[in-house]
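Chemist: Listed below are the residues making up each chain.
Protein chains: 2
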Amino acid sequence: MNQAAAKIAEAAAPDGPYERLLAIVADDMERVNAEILARMQSEHTTLIPQVAAHLIGAGGKRIRPILTLAAARLCGYEGRAHIVLAAAVESIHNATLLHDDVVDESGKRRGRPTAHTVFGNKPSVLVGDFLFARSFQLMVETGSIDVLRVLSDAAAVIVEGEVLQLAAERDLSGGEEIYLKVIRGKTAALFEAAAQAGAMVAGAPEAQVAALAAYGDALGVAFQIVDDLLDYGGAASTIGKNAGDDFREGKATLPVLLAFARGDERERAFWRRVIERREQHPGDLDQALDILRRRDALADTMARALGHVDRARRALDAFPPSALRSAMADMADFVASRAH
Amino acid sequence: MNQAAAKIAEAAAPDGPYERLLAIVADDMERVNAEILARMQSEHTTLIPQVAAHLIGAGGKRIRPILTLAAARLCGYEGRAHIVLAAAVESIHNATLLHDDVVDESGKRRGRPTAHTVFGNKPSVLVGDFLFARSFQLMVETGSIDVLRVLSDAAAVIVEGEVLQLAAERDLSGGEEIYLKVIRGKTAALFEAAAQAGAMVAGAPEAQVAALAAYGDALGVAFQIVDDLLDYGGAASTIGKNAGDDFREGKATLPVLLAFARGDERERAFWRRVIERREQHPGDLDQALDILRRRDALADTMARALGHVDRARRALDAFPPSALRSAMADMADFVASRAH
Chain G
4 MNQAAAKIAE
14 AAAPDGPYER
24 LLAIVADDME
34 RVNAEILARM
44 QSEHTTLIPQ
54 VAAHLIGAGG
64 KRIRPILTLA
74 AARLCGYEGR
84 AHIVLAAAVE
94 SIHNATLLHD
104 DVVDESGKRR
114 GRPTAHTVFG
124 NKPSVLVGDF
134 LFARSFQLMV
144 ETGSIDVLRV
154 LSDAAAVIVE
164 GEVLQLAAER
174 DLSGGEEIYL
184 KVIRGKTAAL
194 FEAAAQAGAM
204 VAGAPEAQVA
214 ALAAYGDALG
224 VAFQIVDDLL
234 DYGGAASTIG
244 KNAGDDFREG
254 KATLPVLLAF
264 ARGDERERAF
274 WRRVIERREQ
284 HPGDLDQALD
294 ILRRRDALAD
304 TMARALGHVD
314 RARRALDAFP
324 PSALRSAMAD
334 MADFVASRAH
Chain E
4 MNQAAAKIAE
14 AAAPDGPYER
24 LLAIVADDME
34 RVNAEILARM
44 QSEHTTLIPQ
54 VAAHLIGAGG
64 KRIRPILTLA
74 AARLCGYEGR
84 AHIVLAAAVE
94 SIHNATLLHD
104 DVVDESGKRR
114 GRPTAHTVFG
124 NKPSVLVGDF
134 LFARSFQLMV
144 ETGSIDVLRV
154 LSDAAAVIVE
164 GEVLQLAAER
174 DLSGGEEIYL
184 KVIRGKTAAL
194 FEAAAQAGAM
204 VAGAPEAQVA
214 ALAAYGDALG
224 VAFQIVDDLL
234 DYGGAASTIG
244 KNAGDDFREG
254 KATLPVLLAF
264 ARGDERERAF
274 WRRVIERREQ
284 HPGDLDQALD
294 ILRRRDALAD
304 TMARALGHVD
314 RARRALDAFP
324 PSALRSAMAD
334 MADFVASRAH
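Line by line, the protein sequences give chains G and E. Heads up: the first sequence at position 320 corresponds to 323 in the working numbering, and the numbers run straight through without jumps. Heads up: the second sequence at position 132 corresponds to 135 in the working numbering, and the numbers run straight through without jumps.
Hints should not be assumed to be uniformly reliable.
Label pairs and their computed distance ranges (CB to CB) [claimed, not checked]:
#1 E:E180 with G:R34: 34 to 44 Å
#2 G:E180 with E:T120: 25 to 35 Å
#3 G:D320 with E:G82: 40 to 50 Å
#4 E:E180 with G:E179: 51 to 61 Å
#5 E:E180 with G:E108: 31 to 41 Å
#6 E:R173 with G:T120: 55 to 65 Å
Simulated from the structure, these hints should not be mistaken for laboratory data. From the three backbone atoms N, C-alpha and C, an ideal C-beta is built for every residue, glycine too.
Working from the sequences, and respecting the hints, build out all of it.
Modeler: And the structure:
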């Protein structure tokens, strides 16, 4: 087991759904990690592998390439193209992380200083571009123009989601509709494309490709809603040490949007001040949590997430029962379980 | 004629080789411009077309898409796939310009303030990513996996060239070899891919595809050498108002590398101070020009460029004589003529 795989294993609890799914695709995943490391090399310069290794060496759960591998296997695939495809999917993800950190001016990623704080903005922008280019080179190796269509479409949607977030993240008037567009872009589009393209390289029939696309989309939407909920301490609203970031940055995530929609004039004025104008004083986060609880915003955010979890599970009904299908269905619960 | 086409026409002298080639592909080029404008639209946000229009509206000679169109026509192509392909090529170029301006902290591009000074770094990074994603969506529409291979390979080489330049641009020890790698990456790789992919969508035989790849590469190398020479006033070293930028930024371009290689100890110490350490005083640019003339560095840089011009012309010998072949051959002279 290589270092990256060891980190994934370490990050996970011993017998949860994530580990069960990872175990089923473990051999494939080792090949994906080897592929990613090999493709970071550059004939011309050592800076690219340095920056990329800083990000990739920090670990992460590799959920997106796992989706690709699992989807291909679920469709009975026994070839090799899903390995380079999964490496391509993870490279797109890593490219967006490098650029996101520059755009958001983030200081930490996966528990360590972000690449742009260590190497500067220039290498982060350029190495992000490099990973993006490499991911398309990897996709070309699958030989499938359909795969390239799905993933280049996803790449455009991802960036559109980020631009939309740049314009709309403090805007309380957009409501759930804009919020869903943003999270489909920033998270669900790549989950969806990862699972869908896995089915495609397997040569699966259209109905199965569509089912896995729906599964990936539902999983991604649930994942991001839960992420946003966790920033307010989850459904039980017990704020952890890293929570409250979205509040401080004035992000109009789902809990806030639900509370805003249900709030009286005094509450709406509060949300406009702390989110839209980002004028925050000591005690505001506590007051926000108080309103969120009073308006059932945290519980209902969780309910929304569970709706998507259910949608993910049902999408897999297109496949006959198997240990793999069961592990993929349970992954949806795992995504939501983080918030309990 | 739309606005962009009008700007190109305006920028050009009335009857030179550039105009002759542009006239041959004028109808195609109008379609390319319309395609580019249409693909800048985004369902979600107005920021993307705004930023993209700022860059694209500034004009530029569109040399790369012209190469794609001309190459396809030279191979006898009568279909439509070269239009989206040329739009893809120009979108890759525009994506790299947006990111370059962020990385280089440039203040001006095509005579107007750069996008990142008007809109900020975040939109420039993200809209660059968007144009990159769009370019791959356009390539997918050609249906050719070979085209996608050539252009994703080129994209990787472009970024590697920029990273290499980041690391090596003030390094006098790399000499002509590293310099050629950098300019192949930053300029010639996309010229080459633009012409090569044009031949590919036309379904041209391997020898013609290779000939057009060689033509594009030679044209791109000549173009960049001449650009670097112009920064010292061209072969006649009559410094224009925008010249001297590379010197002030401490870039080890070909004229400097040739002079450094031929210099005595005193001259080498001068170049190390002004280029590698970037310690510059009033009068240094004049002294640099004096040394460059004395060491024949400007004339020999021009001779190198003319060698590549000749290589570009000869590559076209793979095709029977025609007005188009002649215009493409003359384009190589045009590229070099800028420096006389």
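Chemist: Is it true that the C-beta distance of D320 of chain G to G82 of chain E lies inside 40 to 50 Å, as the hint says?
Modeler: For D320 of chain G and G82 of chain E the Cβ distance comes to about 44 Å; the hint holds.
Chemist: So does E180 of chain G sit 25 to 35 Å from T120 of chain E, Cβ to Cβ?
Modeler: holds, 34 Å
Chemist: If you check the beta carbons of E180 of chain E and E179 of chain G, does the distance land in 51 to 61 Å?
Modeler: Given about 58 Å between the Cβ atoms, the range holds.
Chemist: Check the following: the C-beta atoms of E180 of chain E and R34 of chain G are separated by a distance inside 34 to 44 Å.
Modeler: holds, 36 Å
Chemist: Go ahead and decide if the range 31 to 41 Å is satisfied by the Cβ distance of E180 of chain E to E108 of chain G.
Modeler: At roughly 38 Å between Cβ atoms, E108 of chain G and E180 of chain E fall inside 31 to 41 Å, so the hint holds.
Chemist: Mind checking the hinted window 55 to 65 Å against the Cβ distance between R173 of chain E and T120 of chain G?
Modeler: violated, 24 Å
Hint check: a violation occurs at hint 6 only; the rest are consistent with the structure.
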